[in-house]
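K.L.:
The numbering of the sequence shown is my numbering, which starts it at 1 and goes up by one.
FYI, nobody ran anything at the bench for these hints, they're computed from the structure. All C-beta atoms, glycine included, are put in the ideal place defined by N, C-alpha and C. Check each hint, because a few of them may be wrong.
Distance condition first, Cα-Cα at most 35 Å in a straight line; then the derived DSBU-like pairs of lysine-lysine [as the list claims (entries may be wrong)]:
| # | residue 1 | residue 2 |
| --- | --- | --- |
| 1 | K181 | K116 |
| 2 | K113 | K91 |
| 3 | K67 | K93 |
| 4 | K135 | K2 |
| 5 | K65 | K123 |
| 6 | K56 | K145 |
| 7 | K91 | K56 |
| 8 | K145 | K184 |
| 9 | K91 | K64 |
| 10 | K177 | K123 |
| 11 | K177 | K23 |
| 12 | K2 | K181 |
| 13 | K91 | K3 |
| 14 | K45 | K158 |
| 15 | K23 | K67 |
| 16 | K177 | K91 |
| 17 | K135 | K64 |
| 18 | K116 | K184 |
| 19 | K177 | K2 |
| 20 | K93 | K76 |
| 21 | K181 | K145 |
| 22 | K181 | K23 |
| 23 | K93 | K108 |
| 24 | K93 | K181 |
| 25 | K3 | K158 |
Distance ranges between label pairs, derived from CB positions [to be verified]:
| # | residue 1 | residue 2 | range |
| --- | --- | --- | --- |
| 26 | E193 | E169 | 18 to 24 Å |
| 27 | P110 | L198 | 37 to 43 Å |
| 28 | G165 | Q59 | 21 to 27 Å |
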Amino acid sequence: MKKLGFFGGSFNPPTYAHINVAKMSIEKFNLDAVYFVPVGNLYNKPSLIDENYRYKMLQLICNKKIKVENIELGRKQTLNTLQAFELIEQKYKSTENYYIMGADNFEKLPTWKNAKELIENFKYIIFERNGSDSKSLLATQEILKQNKNNFEFLDEKKYSNVSSGIIRELIQNGNYKECEKYTKPEIVQYIEENNLYL
1 MKKLGFFGGS FNPPTYAHIN VAKMSIEKFN LDAVYFVPVG NLYNKPSLID ENYRYKMLQL
61 ICNKKIKVEN IELGRKQTLN TLQAFELIEQ KYKSTENYYI MGADNFEKLP TWKNAKELIE
121 NFKYIIFERN GSDSKSLLAT QEILKQNKNN FEFLDEKKYS NVSSGIIREL IQNGNYKECE
181 KYTKPEIVQY IEENNLYL
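Kindly produce the complete structure, drawing on both the sequences and the hints.
P.N.:
Structural data, given as structure tokens:
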């Protein structure tokens with residue numbers, strides 16, 4: 001059975017940290033592919049640019065094992081996490097699916113809507129940055145502890161200081177060249193050509 005990872009987020013814009021998490025997940029957990037799953041326009045986040053631009057930027061970093069899934073785009077209503085996961089499960093029925101999320105979201109997971117179903121029914125790869133302590137949470141939160149086999153962990157320290165917000169700020173100051181420390185040159189070029197984040 002093929003093993004796939006699904007990495008949701010705004011990717012506003014995609015960074016080396018996002019790319020590295022996808023690559024590490026493939027290598028460490030022997031995944032056949034990782035799909036970036038960008039949120040749609042209805043997602044409530046400041047500075048979020050149109051979904052089509054974000055989708056196109058993700059396409060620029062795709063290869064045989066890193067792909068992009070547009071299942072959340074073009075919708076007239078927002079999806080909650082469970083609805084998004086169920087859509088993915090319906091589309092990818094004959095594969096073993098893992099949902100990739102950051103430690104910050106993992107720490108909030110027990111408080112989310114449909115938390116019980118999310119924790120019990122899906123498998124996760126959690127990437128930890130500097131300062132996160134997901135494993136102690138797994139040991140102390142009863143519902144997480146009962147389902148600990150659903151969680152795998154990944155240390156992503158190489159790009160722990162890289163965020164989409166840094167890139168957006170550099171662009172607003174006209175520092176396009178500096179952005180190449182944080183994301184691929186082709187993404188920087190696309191941002192500049194389309195006057196994004198100004």
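K.L.:
All hints, please: hold or fail.
P.N.:
The hints, checked one at a time:
no.: 1; hint: K181 to K116; result: violated, 40 Å
no.: 2; hint: K113 to K91; result: holds, 23 Å
no.: 3; hint: K67 to K93; result: holds, 18 Å
no.: 4; hint: K135 to K2; result: holds, 27 Å
no.: 5; hint: K65 to K123; result: holds, 19 Å
no.: 6; hint: K56 to K145; result: violated, 39 Å
no.: 7; hint: K91 to K56; result: holds, 22 Å
no.: 8; hint: K145 to K184; result: violated, 39 Å
no.: 9; hint: K91 to K64; result: holds, 19 Å
no.: 10; hint: K177 to K123; result: violated, 39 Å
no.: 11; hint: K177 to K23; result: holds, 24 Å
no.: 12; hint: K2 to K181; result: holds, 34 Å
no.: 13; hint: K91 to K3; result: holds, 14 Å
no.: 14; hint: K45 to K158; result: holds, 26 Å
no.: 15; hint: K23 to K67; result: holds, 11 Å
no.: 16; hint: K177 to K91; result: violated, 40 Å
no.: 17; hint: K135 to K64; result: holds, 32 Å
no.: 18; hint: K116 to K184; result: violated, 38 Å
no.: 19; hint: K177 to K2; result: violated, 39 Å
no.: 20; hint: K93 to K76; result: holds, 25 Å
no.: 21; hint: K181 to K145; result: violated, 39 Å
no.: 22; hint: K181 to K23; result: holds, 18 Å
no.: 23; hint: K93 to K108; result: holds, 27 Å
no.: 24; hint: K93 to K181; result: violated, 38 Å
no.: 25; hint: K3 to K158; result: holds, 25 Å
no.: 26; hint: E193 to E169: 18 to 24 Å; result: holds, 20 Å
no.: 27; hint: P110 to L198: 37 to 43 Å; result: holds, 39 Å
no.: 28; hint: G165 to Q59: 21 to 27 Å; result: holds, 22 Å
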